[in-house]
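**Student:** Just need the whole structure built from these sequences, with the hints factored in.
Going down the list, the sequences are from chains A and B. Counting in the working numbering, the first sequence runs from 1 upward without gaps. Counting in the working numbering, the second sequence runs from 1001 upward without gaps.
Computed cross-link-like contacts, SDA-like style, restricted to lysine to any residue with a CA-CA straight-line distance of at most 20 Å: (1) Lys275/A to Ser1243/B; (2) Lys187/A to Ala41/A; (3) Lys143/A to Arg284/A; (4) Lys143/A to Thr1240/B.
A few chain B residues facing chain A, derived, Cβ under 7 Å: (5) Tyr1134; (6) Asn1192; (7) Gly1289.
Which bits of chain A does chain B cover? Going by a derived footprint, with three or more residues having C-beta under 8 Å, they are: (8) 148 to 155; (9) 257 to 265; (10) 273 to 281.
Note that these hints are calculated values from the structure, not bench results. Predicted model, so just to flag it, every value in this text is computed and none were measured. Ideal placement from N, C-alpha and C gives every residue a C-beta, glycine not left out.
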Amino acid sequence: MTDRVYGVLLVSFSRHSHQRSFVPAFVDHPRIRIVGVADDADIDPYLEPLNRTWADRLGVPYLEGIEAAVQQDDVDVVSIGHEIERRADIARLAARAGKHLWIDKYIGANMRECRDVVDTVEGSGVTSILPSYVYNDFVNQSKRMIDTGLLGELTAMHVDILFGKGIPRPISNAQRKPGFLPAGRWKFPDIKRELLTVGAYGVALVQQCFDPVVEVYGQAGAYFFPEHAAHGADDFGTLTLVDRSGRVATLSAGRNGIASHGAGGPNLAYLFGTKGTGRIDGKRPGFDTHLRNRIVDGDYSVDDDDPMQWHSGPPTLLTSTGTEFTRAALDDLVHALDSGAQPRFTVRDARDHMEVMLAGYESVVRNRPVRLPLSSGEAA
Amino acid sequence: MKGIDGLVIGSPRDFEFFREDLEARDGVVFARSTGGSSDAAQDGQKGTDQGFVTLRNALDAYLPRRALFLSPYRGMAADAAHLVENGADVRTAGPMPVRTRNLRIPIADLHRSDSGFRAMLEASRHADFGDPVYLRLISSPHGGKWQKRWCVFQSCRKAAALLDSPLRRVYVAATRAARSLHVSITLKTQRNATGHLLVAPRGSRLQDDLFLVGTGGTLADDPLLNQPGVYGKSDNSMLTRYSMLTRPAGRRLACLWGNEARVTLSAAERRFYDDLFQAIDDSSRSRSGICLDFPTA
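**Tutor:** And the structure:
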């Protein structure tokens, strides 16, 4: 008996998602076959031609109308790469159709949406996975270090993750919107909320190592980019998390500009234990790349179509040689579909993860720590 | 009693930071502070004085013109008072552990003695760095509660210098396990820069692991890269032994004797640090963080 091949429907190539990053792993995996690209009609003008281009490139049909597309018999898994604000509806739609879910980073824009997705997914019995957080070397090395016992009892963590992308520019007072934009609006044509976008990785790492988080303190308000300052939205922020056992995690996260770090931005974790302190560089293993021509002729300009470099990276002096996380996540999904096991990061984990992120934003707005679980009204 | 130019009181680790300077100076004596038995254990050194002059002997034998306390210990206030009475110009690297009536001992900003700090400060003030946005500073002092408190104090002072702004607010979260205390200070300055000052329970060579982010780029001081190390034998497990040697710190005492290193805390600032130290204890007990506002000038 041959192993079953699972059909994957790619729902949207929104530039606010990583759908295009997932494609190589889908294409290369022997147990996966891309069966189509789908999206709705009421989407941003740029998106339909982009979706069609990807469908043509992959040699699969472009299907307008997500609701009908997910019903197709050849669809086993729906890969959701739409804007955050649309993901919950699509996830529920697909789960109710009995389709398994591969979701990029977030399952909803607020706690109500996240809870609804968890209820629907768990009620329908489909398998869900969010591939972006726990399959990378950063998390694997951290967990491995903890498991060795060398640290003793883990008491605290610190994580620095910055994306050295985009071109920061001076910001005048007139460009700064007073106050801080609360959580809830995530989609902008020119920016991403970077505490959510980048901080999400650090929070996921902490959640893998800690008990449930019960207190969050967030800070933001210092800007690199005029675009973020004009929205009063975060391009950088910090979080401090306290878990149920009193353990403390601190993290910094943001987008701080091209050529600000040799490896394209730090990816560092410190694990503090009763017997020792561990340090993990998520950009390593790798090798230093000091090649004269690449440095002297290095092109640090950014594409006008991608000014914040959401889909590109800067030249770096380090070539990472760690494993590619998407393949590991896909293996975990296929194993789960074959065996009925749960993947390592499901919609339930994503709901708890989003609650911490929302509490961080709430804390920035209120200028005080926020306790979890969030009560109704608190970014919920 | 023999008159000497200076008496420096500290832990063996303090001595290492100033070793080159101390060994090059005549008339300056280093005495080991009396509260550091745990330091010896952590350093893996044996004996009671490890070759250092004990403080008791130093106080009996010398009449210093200047004295500098680099680490706190029980009974320090009385020793400081004794030195003041004998005419010494006394400074400490942090607040006195106990209230001292009629005794105002100036504090010296310890980071000013560090050539690495001075170089980073200079780089951070260059126009290319832009405006400071974020500082992460991890330290891991030897010793007990007051050594940690001094480390917190020194980290706050250092942060204000590197972020080029007085502090505005801190959120203190501390956790204790197996007698190990970890302190996290989350700060915001009056210019909206932020920071994390972490005082770790272990990792004795994790001294001032520093990451400074500006609008123009980043500066980092990584102890792993700045301390020479030795690859040793590996056992049959997955561990490779790597021993880090003492960092060639090159700290200079002269930088601490000058007026520019002298810190004058206002009464409100002194209260802030008292509250901060208390908040560390309270947070570690309550498993919850505590916010404190830094006094405005």
